[in-house]
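Colleague: Sequence:
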Amino acid sequence: MLQKTTSGGDKVIQCLEREGVEVIYGYSGGAAMPIFDALVDSKIKFVLVRHEQGATHMADGYARATGKPGVVLVTSGPGATNCVTGLLTALMDSVPMIVLTGQTITSMLGKDAFQEADVTGITYPVVKHSYLVKNAADIPRVMKEAFYIATTGRPGPVLIDLPKDITQGPCTAPFVDTVSLPGYEIPGRADAALVKKAAALLMKSKKPVLYVGHGSVISGAGKAIMQLAEKLNAPIVNTLLGKGACPEDHPLNQGMLGMHGTAYANRTVQHCDLIMAIGARWDDRITGKLSEFCKDAVKIHIDIDVAEFNKIVRPDVSLAADAKLAIEDILPLVSKLDTTDWLKDIAGWRKQYPLKYAKKGGLRAQYVLDRLDKLGGRDCIITTDVGQHQMWAAQFCRTTKNRHWLSSGGAGTMGFGFPAAIGAAMATGIPSWCVVGDGGFQMTLCELATAALQKVPVKILIINNSYLGMIRQWQELFFDNRLSGADLEGNPDFIKLAAAYGVPGKRVTRAGDVDKAIKWAMAYNEGPCMIEAEVVKEDNVFPMIPAGAPLSGMIIEKPKAKMEKPTGST
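Anchor point for the sequence shown: position 338 equals 671 in our numbering, and the numbering is continuous, going up by one each time.
Hints listed in this document are in silico derivations from the structure and should not be mistaken for laboratory results.
Glycine included, each C-beta is placed from N, C-alpha and C at the ideal position.
Where hints are given, some of them may not hold.
Derived Cβ-Cβ restraints for the label pairs, each shown as a range [as the list claims (entries may be wrong)]: (1) G845 - L514: 57 to 65 Å; (2) R815 - K669: 51 to 59 Å; (3) K337 - G363: 44 to 52 Å.
Okay, derived cross-link-like pairs now, DSBU-like style, lysine-lysine, Cα gap no bigger than 35 Å in a straight line [unchecked claim]: (4) K829 - K378; (5) K337 - K467; (6) K893 - K693; (7) K788 - K852; (8) K829 - K684; (9) K677 - K556; (10) K677 - K689; (11) K839 - K693; (12) K537 - K684; (13) K692 - K849; (14) K556 - K689; (15) K628 - K378; (16) K337 - K556; (17) K467 - K564; (18) K895 - K692; (19) K622 - K893; (20) K467 - K539; (21) K556 - K401; (22) K734 - K839; (23) K556 - K628; (24) K539 - K677.
Between the sequences and the hints, there should be enough to build the whole structure, so can you do that?
Modeller: Here it is as structure tokens:
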């Protein structure tokens, strides 16, 4: 019997096995067929999704929940271009991902062959790095480099475009165990002199605040940050994606800051005399009107990506380092500060501006999410889609464990939440709740088939207000309530839709039924299940800082006077 020749497709799969890949999400097609053929003999689990965008978000959820790279395999042309949104989402939020795309044969590149697309060109702005493999001998090196690049430094997605003749032909090249990438440098520990300078500035502070971002989640810096906060007796605020790095139920944690952050977190930042960003990038959702953001406060910036330094603000000290290592180096150099009056001020703001919502007038999304938090949500992974429900979930679902909060931040990708929850649940086995709006859910709801087939115990909570709620809110507040493109008339019966896929569901329309439904979903682990909460149609997310406004322009409740159109982006 003749021994089977190792093909390029075989070598790709073997390289994935050597990297410890457990699951691949994707959609098959002609140009990728040699790789799919090689999968037949592999122990790697392949999950056939219903749309390539769903594959990228599942791999994204897998990666965010575990820290390991998610892997996607799709075909050429539209198969590859359908991944662009997922690549952007991963790049903006620093998520490690490997996307393998089939491609037409090398002799037909650039000749408009069937299902050909310049995938590396199209995706160039939305990847950390990309490869077009034209020689089968390069496969082991490219695969090794791709995983290294995706997972080191500031993580991100890497795309590998693989022509069919390369994966179908023979590959005798040996495996590669090391990489050599001149010019690709990864910060580890910060410069010792700058660490001492940062520590000295902290010790001079009377009203410090630790501003915790997604980089703290990625580096696992939470424990060290809590030690620093408790040693200094300093408050913490976190970004949307920084939730969970430090427990949000800790007395020093003021929760999320920014456009829809807690009023007391924003007051804390507004009145601090020192702010230290730890794995955070001073994005526009945080700073508001930049010229007035902490203009008299000392600024310290810790980030592993030196491109972030001086991009938005000019810090007094910039530490190029892994967030965890930087905080560990600062810890021995500081001691307890006298922040009694500072914490007393913050406690006053917490009492004066608590998170609140109307208790009458119909079922409120805030109530549903508050009950989810109270009934065990903090022990679950929570993913969200994008919109009002996302902000309410960020406010009322307090995250206490690292990598237990997954949301699309930088890209704000509707359709992310549900497939990300599938990936997270498959990766960890931890009960996972997907909080979605009726708009975003319909963008990737075809993945109900994937979840049902794989028996993934993801709990889908649809916050249904029959609107694109955040669009409606902006039009109400800033465009004289002239609604345009916001009404989701024509929504399906989501419970019947779920039933068509064999997914059980319950609809709640009043507060008295919420606890029973959540407890039912918590107990159901035979596969996906759904709760549809029909909530008040015209409710708004507060607090709110209008785009381009300073933190001092925060709105606590619906204003009585007409508001000017915001100058910043939505």
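Colleague: All the hints need checking, so say for each whether the structure fits it.
Modeller: Tested hints:
1. One distance hint, 57 to 65 Å for the beta-carbon pair G845 and L514, holds here, with the actual separation near 60 Å.
2. Evaluation of the 51 to 59 Å hint for R815 and K669 yields a pass: the beta carbon distance comes to about 55 Å.
3. A C-beta distance of roughly 22 Å is found between K337 and G363, which places it outside the suggested range of 44 to 52 Å.
4. About 30 Å separates the Cα atoms of K829 and K378, which keeps this hinted pair within 35 Å; it holds.
5. For the hint linking K337 to K467, the alpha-carbon distance of about 23 Å falls within 35 Å, and the restraint holds.
6. For the hint pairing K893 with K693, the CA-to-CA distance comes to about 20 Å; that is within 35 Å, so the pair holds.
7. For the suggested pair K788 and K852, the alpha carbons sit about 19 Å apart, so the restraint of at most 35 Å is met.
8. Our distance criterion of 35 Å between C-alpha atoms is broken by K829 and K684, whose separation comes to about 44 Å.
9. Straight-line distance between C-alpha atoms of K677 and K556 comes to about 25 Å, which keeps the hinted pair within the 35 Å bound.
10. The straight-line distance between the Cα atoms of K677 and K689 is roughly 21 Å, inside the 35 Å bound, and the hint therefore holds.
11. Straight-line distance between C-alpha atoms of K839 and K693 comes to about 22 Å, which keeps the hinted pair within the 35 Å bound.
12. Proximity of K537 to K684 is assessed by CA-CA distance (about 28 Å); at most 35 Å being required, the pair is judged to hold.
13. A threshold of 35 Å between alpha carbons decides the hint, and for K692 with K849 the separation of about 19 Å falls inside it, so the pair holds.
14. Simply put, K556 and K689 have alpha-carbon atoms about 30 Å apart, close enough for the 35 Å limit, and the pair holds.
15. With a CA separation close to 52 Å, the supplied pair K628 and K378 exceeds the 35 Å bound.
16. Under the criterion of a C-alpha separation no larger than 35 Å, the hint pairing K337 with K556 is inconsistent with the structure, at around 51 Å.
17. Note on K467 and K564: the hinted pairing is violated, with a Cα-Cα distance of about 55 Å set against a maximum of 35 Å.
18. Simply put, K895 and K692 have alpha-carbon atoms about 26 Å apart, close enough for the 35 Å limit, and the pair holds.
19. Simply put, K622 and K893 have alpha-carbon atoms about 23 Å apart, close enough for the 35 Å limit, and the pair holds.
20. Of the pairs offered as hints, the one joining K467 and K539 is violated, with about 60 Å between alpha carbons and a cut-off of 35 Å exceeded.
21. The hinted pair formed by K556 and K401 meets the criterion: a straight-line CA distance of about 20 Å does not exceed 35 Å.
22. Among the hinted pairs, K734 with K839 is consistent with the structure: their alpha-carbon atoms are about 28 Å apart, no more than 35 Å.
23. Taken as a hint, the K556 and K628 pair is honoured in the structure, with Cα atoms around 30 Å apart against an allowance of 35 Å.
24. The straight-line distance between the Cα atoms of K539 and K677 is roughly 13 Å, inside the 35 Å bound, and the hint therefore holds.
The structure shown violates the earlier hints numbered 3, 8, 15, 16, 17, 20.
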